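Could you build the full structure based on these sequences and the hints that come with them?
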Amino acid sequence: MSQLFYVWPFVRLGLADVWRHKTRSFLTMLGMVFGVASVIAMLAVGEGASQQALESIKRLGSQNILLSSEKPPESSGSGAGRSKLSMYGLLYEDERRIRETVPEVLLTVPARMVRRNTRFSDRQMELRVVETEPTWFDVVDRPLLAGRVLRTHDREANANVCVLTELGVRRLLAAEEMVGQLIRIGSGTFEVVGVVKNAEGGAVQAPDSEADVYIPISTGKKLFGDTTIRYTTDGHPEGERIELGQIIVKMSRTEAVEAGSKAIEAMLARFHKRKDYKINVPLTLLREAERTKKTFNVVLGAIAGISLLVGGIGIMNIMLASVTERTKEIGIRRAIGARKSRIVVQFLINTCVLSIGGGGLGILLGVAIPMVITLTTDMPTVIQPYSLVLAFGISAGIGILFGLYPAMRAASLDPIEALRHE
Amino acid sequence: MSVSQMEEVVRLEQVKRHYHVGDEMVHALDGVSFSIKKGGYWAIMGQSGSGKSTMLNILGCLDRPSSGAYWLNGVNVAEMDDNELSDHRLKNLGFIFQSFHLIPQLTVRENIEVPLLYLGLPAHERSAKANELAERVGMAHRLKHLPTELSGGQRQRVAVARALANDPAVLLADEPTGNLDTTTSVQIMGLFQELHEQGKTVIIVTHEPDIANYAKSRIVLKDGRVATITEATI
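If you read the protein sequences in the order shown, they are chains X and C.
Under the numbering used here, the first sequence has 309 at position 309, and the numbering climbs by one with no breaks.
Under the numbering used here, the second sequence has 194 at position 194, and the numbering climbs by one with no breaks.
Quick caveat, the hints were computed from the structure, so don't treat them as lab data.
Predicted model only: the values in this text are computed from it and were never measured.
Take these hints with a grain of salt, some might be off.
[To be verified] Chain C is faced by these chain X residues, among others (derived, beta-carbon under 10 Å): (1) 9; (2) 16; (3) 221; (4) 224; (5) 329; (6) 336.
Every residue, glycine too, gets a C-beta built ideally from N, C-alpha and C.
Rendered as structure tokens:
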């Protein structure tokens, strides 16, 4: 009933006690300070990293399934030194089958990736060229910086137009406005119609993140065909025929992604004798990233728990010393008529003043550390509001938990003995 | 009979208190009976080893009799548990100690407020009461001081103010002048005299006849028993 105005004088008494033993209190609090600060700072760093990873995965589209061609393991004994033509990878046929037979497929986007010699004015560079459908820009999030993306019309007209990425522009060492400029890719001349942002780098590399320039797939096929010839290191020409480098499958809803990817996997396994493809599901990556984050949080929690435990023991130690020091005071209070429980409350409040004081300083430090990290390095940090509440709650909890034993010891003193104590 | 019982603040019946010291049984109190009426001014005397300290602890509800009964303000203390004993002290007793026993880190005001705090009085009532009590013992000008800044006599006045805070049925003083010089002792005993005249029941436990002489009635303990009782006729 009258508990509230009963508690305040003891809070003041606790504060006064902390102030009287400044050095001792400060040293005792340090354990809590570092414990709490490390919880907040580590959570902020972890959250920053995982948000960055999640962001890059989300850019791939959570409704998407990414299929890409992959060179199968070399079948042995194919005579070294001889020129050869290897054929592998995804086919237009695969794309058609997926579109027509897998339920809930919204659309499929084929893409071919080839490195090609590119020239802009007097500069020459090997760029990574993605030949694709205009719908590519509908399924993958790539913000437009200037001009426009590819259009249906470009494909129908086999137009010689291209969209550069920011990185592509930089590779060409182009300082000026690129939209409207002409660049030479392989044997064709292309007009730059737009510039888009690159995929954000992060923990998970998107399969297309290395693209420098996009051209319509129909134009690419007409100009370059399906075969690329490379020369191996010992000078022999080596041909590769890959129909499609990549197929992006967009499902109608996120819930259909898992079933869709299983169906696609089964279908590809049936029609491809060798495993010359790879399936990436951003949603699965997302889940994995979230699971990783959970594991990280558990590890973090354990470390934080240990440091807070150490801090709590430090506080308990000091409180036990304080009980001995204040034996006479306890005797006086008991003689006046304080119940044991009131002595317990008094000492608990005293411990909480220490632990919450330490927790408060820890929160300040814990907020400052991520700021310094972000300022001095490029690492993003996100201070979670809940971590502040958590830290405060934990420090109060530690105060009660580790204050309980000294408080009970204080309360169980025999008042007659305590009064006689010098 | 019933009228006098109504007026009895303290009543002991065959109170015994024994301890085990090693294998031996020590009978600190060995069947003590007496009663004290409301408004009485008593001295409890005895040599060291007479059971005086044990008597003080039992009268002060810090200890319980091994057998027998002790009624303080009409309730038998012998059957109480620790919480009930604490509450009983809080409501009915005012302690005054030889070495004052003020809490060193609290100011005079805060020391006087300690019992009021446990009684659950809100801050403004505590403050008003502390002013009034300090005034009563002549310490109103020292409310913000710490005990270490006061003389012995001043400390004992503060202790008296604290003992009066709960308006107790009995003021129990243990050698209240034991740490004071003669002049100050006289002043403090004057304060007790005033309180007695205001109708307080005062019990002083002492071994000094000079101090005991201030009281109107007297109990002398010897070897854990009552040797003599001299009760003033009011």
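*Restraint outcome when residue 9 of chain X is required to lie within 10 Å of chain C by C-beta distance*: With Cβ-Cβ at 6 Å, under 10 Å, it holds.
*Grab the minimum C-beta distance from residue 221 of chain X to chain C and call the hint holds if it beats 10 Å, violated otherwise.*
Hint violated; residue 221 of chain X Cβ to chain C Cβ min 88 Å, cut 10 Å.
*asked:* Given residue 336 of chain X as an interface hint, is its Cβ closer than 10 Å to any Cβ of chain C?
replied: Hint on residue 336 of chain X: holds, closest Cβ of chain C at ~5 Å, below 10 Å.
*Would you check whether residue 224 of chain X satisfies its interface hint, that is, whether its CB is within less than 10 Å of any CB in chain C?*
Where the cut-off is 10 Å and the nearest Cβ of chain C is about 88 Å from residue 224 of chain X, the hint is violated.
*Closer than 10 Å between Cβ atoms is the bar; does residue 329 of chain X clear it against chain C? Give me holds or violated.*
For residue 329 of chain X, the interface hint holds, since the closest Cβ of chain C sits about 5 Å away, which is under 10 Å.
*asked:* Checking hints one by one. Is residue 16 of chain X an interface residue toward chain C, by the C-beta closer than 10 Å rule?
replied: Status holds, d = 6 Å.
Consistency with the previously given hints fails for numbers 3 and 4, ordered from lowest to highest.
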